[in-house]
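Colleague: In order, the protein sequence lines correspond to chains A, B and C.
Oh and the first sequence: position 100 is 100 in my numbering, straight run, nothing missing.
Oh and the second sequence: position 38 is 1038 in my numbering, straight run, nothing missing.
Oh and the third sequence: position 150 is 2150 in my numbering, straight run, nothing missing.
Check before you lean on any hint, since a few could be wrong.
Taking lysine-lysine pairs in the DSS-like style, the calculated list, with each CA pair at most 27 Å apart, reads [as the list claims (entries may be wrong)]:
| id | chain 1 | residue 1 | chain 2 | residue 2 |
| --- | --- | --- | --- | --- |
| 1 | B | K1084 | B | K1074 |
| 2 | B | K1042 | B | K1070 |
| 3 | A | K99 | C | K2169 |
| 4 | B | K1070 | B | K1084 |
| 5 | B | K1440 | B | K1042 |
| 6 | B | K1013 | C | K2004 |
| 7 | B | K1440 | C | K2169 |
| 8 | B | K1074 | B | K1042 |
| 9 | B | K1013 | B | K1190 |
Rather than coming from a laboratory, the hints here were simulated on the basis of the structure.
This one's a predicted model, so the numbers in the text were calculated from it and none came from an experiment.
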Amino acid sequence: MLPIGHYLFLSLALFIIGVIGVVTRRNVIVVLMSIELILNAVNINLVAFSRLYGDVAGQVFALFIIADAAAEAAVGLGIIIAFFRNRETVLADEMDLLKW
Amino acid sequence: MNAVFQATIEFLKLYWAPLLCGVAVVAILPLIAGYIVLVERKIMADMQARLGPMRVGPHGLLQPIADAVKLLIKEDIIPDNADKLVFWLAPVFSVGAALLSLAGLAIGPEFQIAQDINIGILFVVGISALGIFGIVLGGWASNSHYSLMGALRSSAQLVSYETAAGMALVSALLFTGTLNIKSIVEAQSKEGIWFVMLAPVAFFTYLVASIAETNRAPFDLPEAESELVAGYMTEFSGFRWSLYFLAEYTNMIVVASVATTLFLGGWLRPFASVTWLTFLDFVPPVLMIAIAAYCVLRMPKQPTRVQQLFMLAVAGLCFVVALVLAAPVVLPVIKPSLREAVAPFYAGIHGGFWFIFKVSAYIYLFMWLRFTLPRYRFDQLMRLGWRFLIPLSIINVLLVGVALIAGAYFHLQGWGLLLVTTPAAILALVAAFLILAIEKEHDARQDQTAASDFYAG
Amino acid sequence: MLDKVLFYFFAGIAVASAALMVTRRNVVHSAIFLITALLATAGIFLQLRAEFLFIVQIILYVGGIMVLFVFVIMLVNLDVALHQIQFARQKWVALFVALALAGQAGVMFWSSGKMPGQGFPVLTAAAAEHLPANSETVAHSLFESYLLPFEIASVLLLVAMIGAVVMAKRRT
């Protein structure tokens, strides 16, 4: 295993790129994909520390995060499909009415 | 620079065997896939009372070579508005996933293709699931309605049957407690009974699910010519199409190998642990000698000289294989002191023979089903996957788990486990019939309301 | 040495794919780059000897979640979208805020005067050859210490499945 700093930098880089994707893009699907990237950055962090300390709890936590990401992606994409069916758009700034 | 060079040499010294195996597999597998296609065409012909390819080479044996040459020299047509990056990438995904999943398999106890991975079976199943992207992206990149529909249908089918296949594998993995391929076959050797007898419903579920996973008939709607003009593969011509095609047949081999390892005892001969049946060790060489004798007997009846010589050559080849197979079993009989020296060869050669035999039998079953059963309509396919196979496989996991706990309570082992697993299998069959009955009643009620299905037609 | 090569290889692919993912105009290209980023992350897990998590990442994330994403992208794909503005109106402010976050982390590393990882109670991990079997260890931990979160996760997945089906159904 490399020194822990390598994994921390990688995790930070992916996290920042994910945050940039979430706050910058208009397409809601790309925003959801950037959220998945953020969750992956956190997973790398957890697994790296789990390996450093020899405690498998980090990997179990990462497993739960993956399951959670699956659930969230499913519901989020369901919402996008429902919205698209009504308003024919997937751009975030065109979703601007609370009720139509 | 010197350090890098040294490190590379160290790496090659450690991993030369898996690398060589990998290169050999990627080089030889297209040829093997081509010959599996020839075998399929011959079996199809046999079941349809005709002869199959006979022109190219003796008995059509050079047909795959001719097909390969044809595919390689065909013009590479890219549709007009197709996305070039994705169009290039899609077959690569498919064939890459299929070939990579081969790396986790093992043909004999010391005969792994790449490495003895601790998560063996899960690796094979998981990586072969990546082939879905090849299909979906290929259909999308073709910029054509038929392709996209075929791709979406095909990937929906694959995703649906993946769960059922996984659950079926879990039912069999309950007996082993490990995912390691060598340990799974050793568990079957230790118990002395193949898992197909301990979990027959799981084997049946995996059989059906694996036919759907590889897009074979009767689940081949996404690529049926009369339905969707070859579906997602429509716009791919020449070498790109041959990549998809290679991916499909490699997937067949992978799925057959997984079923063989987990259910059919891998590289064990039938009744591997029963000592008074060791005469069965002579079956492989005797079988090959019988085939050689048959070829020699048929030789005079061949019409042309080339075919006569070819029959003799086949007979000679089978005889050589018979000698190779006979050596590890005959030598210890003649000279008992050689038994330990010959044991690894026995395990490797005979193990390889039995493994390839079982994989071929499974693939023959695939082909037999292809030429016998009519095609499933897409909504029937989805209904079978979601509303029959998945509940059945989950119920089977529960029942097998309960049977195992009961078996451990009564300290049953080996063939004794059949006492608890047979009731479990019977209960699973009862559950299957119950599900079918519920489905039929649901259908009767549906027909009354006449609601139309989204996917039908 | 092999560890280093593997790490830099997978890390490079992950960061490059992530950067490409957030900047592509075509959503399907973004999805493909996310797939490669996730595969590279799985490679990092494998390099950290977390083999069970490696295969779970591939089966669930790449083989499940990304297939879902690609399906939805094909269902809502509008050709019109290719010619629209890709970045929101607040992109410069947003970029500044994100880079401020990165700068914050950099300042944190700089002012502490140490490399990340220095001063931790454990500096070097156990040798890879002495690691227990990963799948068995995770399984023991999951079914003994963390059984309740495991069951809650199953209920969560069931709820999410029902929610997604209800959201995506046609209201006939």
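Colleague: Hint by hint, say whether it matches the structure.
Modeller: Quick rundown of the hints versus the structure:
| no. | hint | in the structure |
| --- | --- | --- |
| 1 | K1084(B) / K1074(B) | holds (19 Å) |
| 2 | K1042(B) / K1070(B) | holds (20 Å) |
| 3 | K99(A) / K2169(C) | holds (20 Å) |
| 4 | K1070(B) / K1084(B) | holds (24 Å) |
| 5 | K1440(B) / K1042(B) | violated (39 Å) |
| 6 | K1013(B) / K2004(C) | holds (18 Å) |
| 7 | K1440(B) / K2169(C) | holds (24 Å) |
| 8 | K1074(B) / K1042(B) | holds (25 Å) |
| 9 | K1013(B) / K1190(B) | violated (35 Å) |
In the structure shown, a violation is registered for the earlier hints numbered 5 and 9, in ascending order.
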